[in-house]
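A.B. asks: One letter stands for each residue in the lines below.
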Amino acid sequence: MQLEGIIMTCSVAMREHRSTSAIFNIMTGKKSIQTVQDVHIYQLGTFYGVYKELQKYAFDQTVTTMMNNQWLRQIDAHTMTPTHLGEKWLQQTSLNLQHFNGLAYSNVEPVFSSRLLLLIQTLTNTAQGHYSFIPVEDDRYITQWVKSVFKQINKPHQALKAIYDELYDILNTLTELEASLFVDRLTGYQHYGMSTPQLAHKYHLDIHTVKLLLKKVHHQIMRQVSEGHHYPTLSMIRADLQQSNMITQSAKQTYALLKKQYTLEQIALIRQLKLNTIYDHLVEIVYVDANMSLEPYVSNQTEQEIIEAIYETQSFRLKEIKQRVHSDVSYFQIRLVLAALQRTGDINGVL
Amino acid sequence: MVCFNLEQELYTHFQYETFRLGQKTIIEDVLNGEDVLGILPTGSGKSVCYQLPAKLLPGLTIVVSPLISLMTDQVKQLKARHYTGVVALNSFLSMKDRQAVLRNLSAYKLIYISPELLQQSHVLSMIQQQTISLFVVDEAHCISQWGHEFRPDYLKLSAIIAQLGHPPILALSATATPRVQEDIMAALKRPHMMRHIFPMDRENIAFIVEETENPQDKLEIMTSLLAKHHVPTIIYFSSRQLAEQLAITLSQKLPDRRIAYYHGGMEQTDRLLIQQQYMTDQVDVICCTSAFGMGIDKSNIRLVIHYHFPTELESYIQEVGRAGRDGEHSVALLLFSEADIMISENLITRELPDEANLEGIFQRIKQILQTNDRESSDEEIAALINLNEIQWRYLKHQLIKHDIMNGKQVVCDDMKWERAREDIRAHIVERMFIKRRQLRKMIAWIRESDCLRRQLYKHFQDGYTEKHAECCSNCGYTIRDVQLKAQILEQQNNNWQDHLKKLLLQDNVYAKTE
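So the protein sequences, as listed, match chains W and H.
Each residue of the first sequence is one higher than the last, beginning at 1 in the working numbering.
Each residue of the second sequence is one higher than the last, beginning at 1 in the working numbering.
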């Protein structure tokens with residue numbers, strides 16, 4: 001029910017303002033400025049990229065089932081809105097969705113969990129003097145990392161004890177189901193972990209729920225590891241994995257040029273991109289960089305005018321805002337102001 | 001003559017004490033630089049015939065293998081044995097990784113490569129700079145039009161071998177009739193290969209064909225058989241969906257058995273986990289499609305059940321050949337019902353595009369490919385043309401071969417299209433003819449009244465091992481007579497705390513109980 005829960009939560013946040021595919025784009029971590037904006041405006045960062053391998057047909061299927069359950073109501077071909085029944089279901093079901101943290105972890109989660117699983121398989125085998133086994137991970141970067149770490153470990157028994165203590169501590173704060181799924185998935189000496197369908201069968205869950213719960217467990221482990229100071233072994237696994245706040249790679253390059261004091265027009269020339277694309281990047285940069293000044297692009301007076309229009313319309317819809325400001329105010333300027341408000345949190349009281 | 005102590009080398013590189021039947025004579029001929037054709041039954045350790053020479057010969061050994069999954073499995077297993085200097089080159093490897101391997105070829109002793117990749121000129125020119133000690137053609141029956149898995153790419157191997165300076169060849173197969181053996185030698189342009197043919201007849205396997213009325217019958221037979229015999233089992237299905245469904249149904253009926261399913265539609269990690277669980281006896285029964293079994297070397301499989309029969313005898317021999325590799329008595333049970341014939345015929349037609357509709361199909365392909373500027377996946381294109389993925393992949397391969405397609409680009413020359421279409425039509429007709437004939441042979445065997453063992457192997461070997469007891473259902477052996485050696489069970493875990501402790505602290509390492 002995790003997938004339904006996330007779709008419902010997103011629907012409640014966005015209502016009929018955005019199409020259902022916006023939810024799909026958030027969950028699969030689409031790297032477009034529209035999705036970046038949605039994530040910030042509707043505060044759905046927790047779900048950003050949490051289910052990258054989700055197939056569109058599976059998503060559509062779930063949405064259809066939710067419509068059949070009368071949790072969602074169709075507005076037009078592309079848009080749904082939550083029903084009273086749907087919202088009630090969401091409130092009454094404890095899904096613990098707040099433990100996802102996609103914006104912070106979705107990109108590094110696969111690497112972190114693969115490293116952890118392969119390290120455990122390697123240590124449990126070598127501790128038994130068993131040096132030949134079929135690894136559960138064969139990605140070159142993962143195996144190389146495990147090899148390099150393994151070389152530094154003198155006593156596999158001790159490392160295993162440390163991993164045990166740390167995992168036990170963290171798993172204890174999770175639900176029984178979450179902890180059980182995580183442990184059943186582990187591969188050790190002469191013991192291979194359970195596949196996703198096997199877990200689904202054992203715990204009477206659907207496949208989506210198994211996958212999402214496992215990801216959520218990984219997010220929680222990573223969060224507790226970065227907050228606490230008493231998880232040295234698990235910290236080592238994620239030490240070099242820093243997720244950039246900037247979602248698109250392209251925006252990062254623009255950001256680098258901006259820091260060198262190039263104008264937006266110059267950057268467009270250098271990067272051989274349309275000016276509008278550079279505008280998109282700038283909006284994204286404003287979301288994440290608190291020190292970014294809007295001054296060169298929006299005068300104080302215009303900024304004030306836009307803010308007032310936002311309060312008047314009670315809406316984040318660019319078109320409606322645009323109608324209430326001077327005609328020479330551009331969409332780009334409105335988006336910049338919206339992004340800045342969102343970043344500082346000033347906007348939270350608006351709607 | 002070579003003077004290696006081969007037993008010693010076998011132990012050094014593989015930790016085996018002795019050679020299996022056929023391995024040593026083949027290896028000796030290979031080390032003496034002979035061209036060798038080796039026909040060895042599945043599970044007899046064909047691959048050691050080149051993996052060991054690769055270590056002992058001065059230059060590089062190249063293995064052409066048709067299946068990427070087979071290659072990567074083999075490399076994984078070799079690495080697990082600490083066999084170094086081996087790599088698999090195929091289209092799954094990123095361009096960057098591929099380049100890295102090619103630039104560093106001298107660091108390897110054994111290279112697995114797909115026939116497609118070997119045809120690329122830059123790949124070939126890099127390999128040409130090395131001394132090639134041995135050129136291995138694995139699954140060599142793929143070179144023959146009469147083989148059950150004909151691969152057009154294999155026909156180009158003789159030209160490649162010439163470009164590599166005619167190194168010694170080792171051609172290997174598990175299923176090659178005398179006719180296919182002739183084809184292999186002709187296509188490789190080496191008519192005088194040393195032939196080493198070893199019988200595939202497995203006398204420890206008893207064959208039972210059981211007529212059933214309907215699926216319910218099949219389920220009841222399987223349930224009662226599995227309830228009585230707690231042994232490692234494979235059940236083959238012709239569809240992924242049925243494999244999944246029956247795995248669930250059987251688990252409900254037999255709650256104390258650990259039953260899993262496996263097919264090509266599953267995620268890579270899940271496939272690996274299930275496969276390894278089966279290897280480590282964590283799973284007793286696998287419900288699967290023909291995707292399961294390649295590269296699996298489990299010695300104690302006792303029971304191979306065919307819920308559906310395969311579309312050719314060669315596949316059947318390969319699949320039942322996975323039973324009883326440790327030499328213990330094992331059973332191959334085929335559940336047959338008249339309705340299955342329809343299923344098999346449908347399966348065959350689904351493997352190739354419909355020849356009668358080829359004009360329409362070509363028109364759609366032209367339309368779609370010429371207007372398509374999206375990065376469409378094969379899956380999407382297939383759906384747009386209204387073909388299944390196997391049919392589209394076949395056509396795509398043919399279009400590339402006829403220079404109609406290059407990457408995602410297609411040529412606009414109408415004449416060329418028309419010529420290609422008629423060529424492909426002829427090819428489809430011929431392939432269909434072969435497939436239908438194979439199917440008829442399979443069905444004829446099922447309906448055979450003579451000894452099933454003799455009839456099964458007569459196409460592939462001269463004699464067969466006479467067997468009196470536990471032979472086949474035509475020689476008086478029935479399901480009621482089945483007696484199989486029981487299996488050990490792994491302990492189950494209750495809660496995550498105990499499981500985690502056992503797994504990581506190992507104070508009570510997965511004790512197996514009798």
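Among the hints, a few may not be true.
In silico lysine to aspartate or glutamate, EDC-like type, Cα no more than 20 Å apart, as pairs [what the hints assert, rightly or not]:
#, chain 1, residue 1, chain 2, residue 2
1, W, K56, H, E389
2, W, K52, H, D270
3, H, K156, H, E182
Listed next, with one range per pair, are the computed distances between beta-carbon atoms [unchecked claim]:
#, chain 1, residue 1, chain 2, residue 2, range
4, W, Q55, H, E213, 48 to 54 Å
5, W, I207, H, K458, 55 to 61 Å
6, H, R440, W, A58, 36 to 42 Å
7, H, N357, W, R271, 54 to 60 Å
8, W, L241, H, Q409, 28 to 34 Å
9, W, L241, H, G265, 27 to 33 Å
Covered stretches of chain H (in silico footprint by chain W; criterion: 3 or more residues with CB under 8 Å from a CB of chain W, positions within the stretch not fixed) [what the hints assert, rightly or not]:
#, region
10, 99 to 112
11, 257 to 270
12, 495 to 507
Quick caveat, the hints were computed from the structure, so don't treat them as lab data.
Given the structure is predicted, the values throughout are model-derived calculations rather than measurements.
Backbone N, C-alpha and C fix where the C-beta goes; we use that ideal spot for every residue, glycine too.
A.B. asks: I'd like to know which numbered hints this structure contradicts. Please list them from smallest to largest.
C.D. replies: Per hint list: 4, 5, 7, 8, 10 violated.
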